[in-house]
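Using the sequences and the accompanying hints, generate a full structural model.
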Amino acid sequence: MSDNPVNDRIQSEIDENSVVLFMKGNPMMPQCGFSAAITQVLTQMEVKFKGIDVLADDELRQGIKEFSSWPTIPQLYVKGDFVGGCDIVREMYENGELKELLDNKGVEYAS
Amino acid sequence: MAMDAADIERLIKEGLPDAEVTIQDLKGDGDHYAATVVSSAFAGKTRVQQHQLVYQALQGRMGNELHALALQTSAPDGA
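From first to last, the protein sequence lines are chains A and B.
Here the numbering used here is used: the first residue of the first sequence is 1, the next is one more, and so on.
Here the numbering used here is used: the first residue of the second sequence is 1, the next is one more, and so on.
Calculated from the structure, these hints are not laboratory results.
Please read these numbers as outputs of a predicted model, since none were measured by experiment.
Keep in mind that the hints are not guaranteed to be accurate.
Claimed, not checked - With beta-carbon atoms standing in for the labels, derived distance ranges:
no., chain 1, residue 1, chain 2, residue 2, range
1, A, GLU94, B, ALA75, 15 to 23 Å
2, B, ASP18, A, ALA56, 24 to 32 Å
3, A, GLU66, B, ARG10, 24 to 32 Å
Cβ atoms here follow ideal geometry from the backbone N, Cα and C, with glycine treated the same way.
Here is the structure:
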């Protein structure tokens with residue numbers, strides 16, 4: 001365990017869950033358009049994912065940005081790797097790269 | 001807090017001197033923009049790394065003064 005509990009928590013979440021979305025709100029009630037956009041992509045593809053609401057924990061909200069050197073929320077992780085925010089995930093979804101990534105990582109999806 | 005398009009373009013060009021930058025104001029509120037950035041600095045980099053270079057050029061404003069910047073990045077053809 002490092003001396004950074006927020007980092008440890010983030011690391012364990014992305015280690016223990018195949019697909020993790022650090023978001024504003026939760027998958028049933030996203031609180032921002034960008035978080036909603038990624039939630040919709042994942043839901044449409046029937047990808048099982050864990051939504052983590054950074055609005056509920058300010059330390060996590062700042063910590064995740066340092067963890068990934070990415071200044072905004074949402075942030076998508078697949079099998080422990082940072083995939084991107086809304087723009088990148090949407091672009092990957094539209095050009096088929098997201099399916100390719102999920103295939104390569106052995107993550108199930110429907111369509 | 002907000003930013004205007006000219007400031008965004010200036011900062012990106014200061015950080016990526018050869019960049020071709022086009023900025024689109026999505027909502028007219030100084031907070032929601034789209035930008036396409038073409039720079040040789042992106043050659044061989046993943047999309048995440050390319051966007052991180054742009055965020056670094058914006059010197060911490062991304063996610064603060066600047067709420068949303070929909071980014072399209074690429075290296076010039078043949079780079």
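Results for each hint:
Roughly 20 Å separates the CB atoms of GLU94/A and ALA75/B, a value that falls within the hinted 15 to 23 Å. Between ASP18/B and ALA56/A the CB atoms are about 43 Å apart, so this pair departs from the stated range of 24 to 32 Å. Checked against the hint of 24 to 32 Å, the pair GLU66/A and ARG10/B passes, with Cβ atoms roughly 27 Å apart.
In summary, the one numbered hint that this structure violates is 2.
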